[in-house]
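**Q** What follows is the residue order along each chain.
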Amino acid sequence: MLRPLGNINKMDPAELTMLKKRIDAATAIMLLIVGILVLRLWHLQIQQGSEYQQRSESNRIRVQQLAAPRGNLLDRHGETLVTNRPRFNVIWIRDDTPHASEVVRQLASILDLDTTQILDRIRAGANQPRYIPTRIKEDIDWPTLVTIENNSFNLPGVQIEVHPQRDYRYHNMASHMVGYLGEISRQELEQHRGGDYRQGDYIGKMGLEKLFDTYLRGEKGRKYVEVDVRGFAQKQLQIQEPLPGNDLQLTLDLQMQRAAEAGLKDRAGAVVAMEVNTGRLLTLASAPTLPLDAFSGGISRTVWQGLLADRRAPLVNKPIQSQYPPASTYKIVTAMAALEEDIITADSTFYCGGSTVFQGHRYHCWKREGHGHVDLEQGMAESCDVYFYQLGQRLGVDTLARYARKLGLGRKTGVVLEHEKDGLVPTREWKRQRFNEPWQDGETLSVSIGQGFNLVTPIQVTRMTAAVANGGRFYRPLLVTGIIDPEGEVLREFHPELEEETPARDSTWKLLQKSLEAAVMNVQATGRSARIEDITVAGKTGTAQVVRLARVELFEDDEDIPYHFRHHAWFTAYAPAEDPEVAVTVLVEHGGGGGAVAAPLAKEVLEAYFRQQKTPVVLLPESLIRRDGR
Amino acid sequence: MLRFDRRLLTNFDWIMLVAVIVVALLGLVNLYSATALQQGLGTSVFIRQVAYLLVGFTVIFAIIMVDYKVLTKWNYHLYIMTILLLVAALVIGTDVAGTQRWINLGFFRLQPSEPAKLMLVLTLASYYYRKDTGAGFTFRELLVPLGLTLLPFALIVRQPDLGTAMMLIFIFVSMTLFVKLKWSTLLTMAGVGLSFVPLAWFFYLKPYQRQRIMTFLDPESDPLGTGYHIAQSKIAVGSGATFGKGYMQGTQAQLDFLPERHTDFAFSVWAEEWGFIGSIFFLACYFFIVLWGMNIALTARDKFGVLLAFGIVSLLFWQAFINLGMVLGLLPVVGMPLPLFSYGGSSLLTTMAAIGILMNIRMRRYMTGS
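Chains A and B are the protein sequences, given in the same order.
Okay, so the first sequence: first residue is 1 according to the numbering used here, each after it adds one.
Okay, so the second sequence: first residue is 1 according to the numbering used here, each after it adds one.
The reader is advised that the hints may include incorrect statements.
Claimed, not checked - Restricting the straight-line Cα-Cα distance to at most 25 Å, the calculated cross-link-like pairs of lysine-lysine (DSS-like) are: (1) 431(A) x 412(A); (2) 510(A) x 73(B); (3) 406(A) x 421(A); (4) 220(A) x 73(B); (5) 210(A) x 412(A); (6) 131(B) x 182(B); (7) 406(A) x 205(A); (8) 421(A) x 431(A); (9) 21(A) x 180(B); (10) 206(B) x 131(B); (11) 21(A) x 73(B); (12) 210(A) x 421(A); (13) 131(B) x 21(A); (14) 514(A) x 421(A); (15) 206(B) x 20(A); (16) 235(A) x 406(A); (17) 73(B) x 180(B); (18) 235(A) x 223(A).
What the hints assert, rightly or not - Here are the in silico distance ranges between beta carbons for each label pair: (19) 201(B) x 221(A): 52 to 60 Å; (20) 284(B) x 192(A): 55 to 63 Å; (21) 246(B) x 299(A): 51 to 59 Å; (22) 20(A) x 144(B): 22 to 30 Å; (23) 29(B) x 221(A): 21 to 29 Å; (24) 207(B) x 193(A): 41 to 49 Å; (25) 238(A) x 14(B): 48 to 56 Å; (26) 147(B) x 28(A): 40 to 48 Å; (27) 76(B) x 32(A): 33 to 41 Å; (28) 195(B) x 14(A): 48 to 56 Å; (29) 29(B) x 102(A): 39 to 47 Å; (30) 330(B) x 219(A): 54 to 62 Å; (31) 150(B) x 62(A): 44 to 52 Å.
Since the hints were made in silico from the structure, they are not lab data.
All residues carry an ideal CB built from backbone N, CA and C; glycine is no exception.
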């Protein structure tokens, strides 16, 4: 079958030409195919080269967001109220862990967790890309951090991640005003479209944190890292440091705010203090306060339910959102109207026999035995109801309403905070529209001592008092003095803003001021417990009935009265009487009598004001602002 | 026949030797970059490839010592040995990712489907050389070589290794078309071949193989599965642009985006790092070997030499075309190394043996037998 090896001959010429033709043809086909490959290379590398370069770049480069430290909140002296602290989380990077079960066991003992808890966390993160670390435990304390760092050799794959976290230096102080942060919602994301807001960002949800979020939040940094196909960082390419947020310098005075909140204790209520000649708010306290730390990082359901169920309504920012009957503080309105309408002079007197009869109804004074002959000063000092019934009766409800409006009641003060309430100044027209009933003249008497339909907010009352003190000037309440950038430069300043001046005779202001002074300084003054050393205080108490007196008087002792039947205690004041600087208003819900409960608290706040060296509100030098070590 | 003629030395094919060294060195340079950062591989792969190359050159020199005609005598022994190895791979082969392609020899994992390609070239060359009457083959006469092809084909498909199996068909078709056929034979062959396509699709291809082909036809349908390999390879090649990203700077390769980058996708690494210029340089070097092989076929002293050289050339050419077509996104992903350039001992040694045979034919072009 095989031919002998040596017998192979040279090919004959015809066959040779045939083979040559075939080889030529095969070579041609081959070159054609090589040409296709070259064309393809040309297409991919030359024609589409830059496009593929971009795709290769986006393949390899991952952008990591770096959280920016949020701006601080400072009080008017530059004292830090809210700042940031590092929050340490224990994270787990799966691919770096060869002996996982041993590591989990060790980690469990360090973190004081059950191994199953750790495994649950790891399992929960299992469907994420492997390079995304799983959070094992958040916000660990220093000793734990040190233990983990010291054992890092035995804990491969376990790392510590640092995030800036809000640090409330004074816990829940001024909580309603400060507000809290939460993860951005879908609607908020929509609202801030075009801004530097992303899914998962934290955003101010309430108070100043919300209103000044764009200033406070700073700019996120970006870290460009080269990643491999699994997404693990291989090297850092470029880093753009985050820009810290701007600080807010507030008008708030920490000492006064602290005095106010301490004085309110666990009761419900509000304290407002305002500079008489600028409108700067030195105190804006609402009790009970909100648990700010519980809000950060998502509030738990039980805490939230507790807040909702609390009868003291902790979620309401009471100085601006709660409306109360003004009670005797309203006598300022009635007195002013009577003076301006020439119904009384300083010497006019009315007789108080403990009650008066009007249109067949008997209207009582709080003092059943009566005050005898009472002029304006005594009427105000001893808060004689009969005196003011007489004024109200002569003025009529609509005139009272006009003066109430002149003193800033019945409308928002324009403070920056959200959801401010209007209050209510009743008129004949209002009642007809509201209840479709005519006004009863007897109701005017109730209104004149602040017990009718009228409703006010503590901040309105404060502004009214300040206006009486300064002779009718209404300033917009200021909460923020300035916005300071991280370099210490002032970005924006908020100056006092005179909104309107209520015209009235000088003598009217003088008489009102004198009568308010008497209401604190007189021997029989209802507000005498607000007196402070060396400084003359002028003010007015109020005790707002929540239910008709008759029902409450069944109880011998105030303590026996059920909470919801107890009176609201009011006190509004300014000082020094000769040259007013500061106005303070206190309201204690269901606290009892204004003189007994509210006035002493106002005294505390006023003392906190005068105790301090009177530093004017100026922006502090950088060195002082930056000392929080951010 | 073992007598060594001095003329052999004067006719030694230096050109082919230099061309092979150049391409092999390009492969080593590229392999170093592809594996430098790869954990668990790294230098051991590089050193192994250097060792295979040294062994390969020894194989070349061993092969050129003996006149290639001896192969007409031994080819059936070699054929049977190869078939036995293929069977062995199926029976005792190492299972890697669901395929049984390797026989573990301890120091070396032999992939018998690689030498099987060369054995088929050899077998077909001797068969056609012996049977050619000059009148043209009839279909009946082609049944024997078809059978000789389908036996290893079936064994390799069983592994399963579709790429290598298809390679056997490419060799059979190329070599059969090269010898003289009757027109009727040609038509019958085409008809039979075409009718096999749907049969193979439905009965022979594994789901993942079908998936690969479907993905190739519509890469967007499965961007993270099979299409991912093609997409990443295209990104690598394309992003190399004109001048490339620089040696060891290819991000697609260095950051693991390229799969199989030291074996089947080695050229992606090269194209990414050296760009269009480097790619053209490589193609020029590689296809110079192929063209030189054609020249060897043209100048061979006898018809067996012509057939053998042509078969080897088509082996080198089709493998390169399928590999490059796959890397450049022109063909579906099948396991197919780029001869001389990709990492892999079986492929490299087989290729070097094939080159040795070519050089052997070249050296003896003026010899008229003893």
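**Q** Between the alpha carbons of residue 220(A) and residue 73(B), is the straight-line distance 25 Å or under?
**A** It is violated: about 78 Å lies between the C-alpha atoms, which goes past 25 Å.
**Q** Mind checking the alpha carbons of residue 206(B) and residue 131(B) for me, to see if they're no more than 25 Å apart?
**A** Between residue 206(B) and residue 131(B) the Cα gap is close to 37 Å, so the pair fails against 25 Å, i.e. violated.
**Q** Taking 39 to 47 Å as the stated bounds, is the beta-carbon spacing between residue 29(B) and residue 102(A) within them?
**A** About 43 Å separates the Cβ atoms of residue 29(B) and residue 102(A), which means 39 to 47 Å holds.
**Q** Are residue 147(B) and residue 28(A) spaced within 40 to 48 Å by their CB atoms?
**A** violated (31 Å)
**Q** Please work out if residue 431(A) and residue 412(A) have their alpha carbons no farther apart than 25 Å.
**A** At roughly 21 Å apart (the allowed maximum being 25 Å), residue 412(A) and residue 431(A) satisfy the hint.
**Q** Given the hinted pair residue 235(A) and residue 406(A), is their alpha-carbon gap at most 25 Å?
**A** Roughly 68 Å separates the two Cα atoms, so the pair is violated.
**Q** Has the given pair, residue 210(A) with residue 421(A), been kept, meaning a C-alpha gap of at most 25 Å?
**A** Given that 25 Å is the threshold and the Cα spacing comes to 19 Å, the pair holds.
**Q** Is the straight-line distance between the alpha-carbon of residue 421(A) and that of residue 431(A) 25 Å or less?
**A** Given pair residue 421(A), residue 431(A) holds - Cα atoms ~19 Å apart, limit 25 Å.
**Q** Using the beta carbons of residue 238(A) and residue 14(B), state whether their distance is inside 48 to 56 Å or not.
**A** About 52 Å separates the Cβ atoms of residue 238(A) and residue 14(B), which means 48 to 56 Å holds.
**Q** Need the status of pair residue 73(B), residue 180(B): alpha-carbon distance at most 25 Å?
**A** Distance ~23 Å between residue 73(B) and residue 180(B) Cα, so the pair holds.
**Q** Does residue 406(A) pair with residue 205(A) here, judged by a C-alpha cut-off of 25 Å?
**A** Measuring from Cα to Cα gives roughly 35 Å; hence the hint is violated.
**Q** What's the verdict on residue 210(A) and residue 412(A), does the C-alpha distance respect the 25 Å limit or exceed it?
**A** holds (20 Å)
In this structure, the hints that do not hold are numbers 2, 4, 7, 10, 11, 14, 15, 16, 23, 26, 28 and 30, in rising order.
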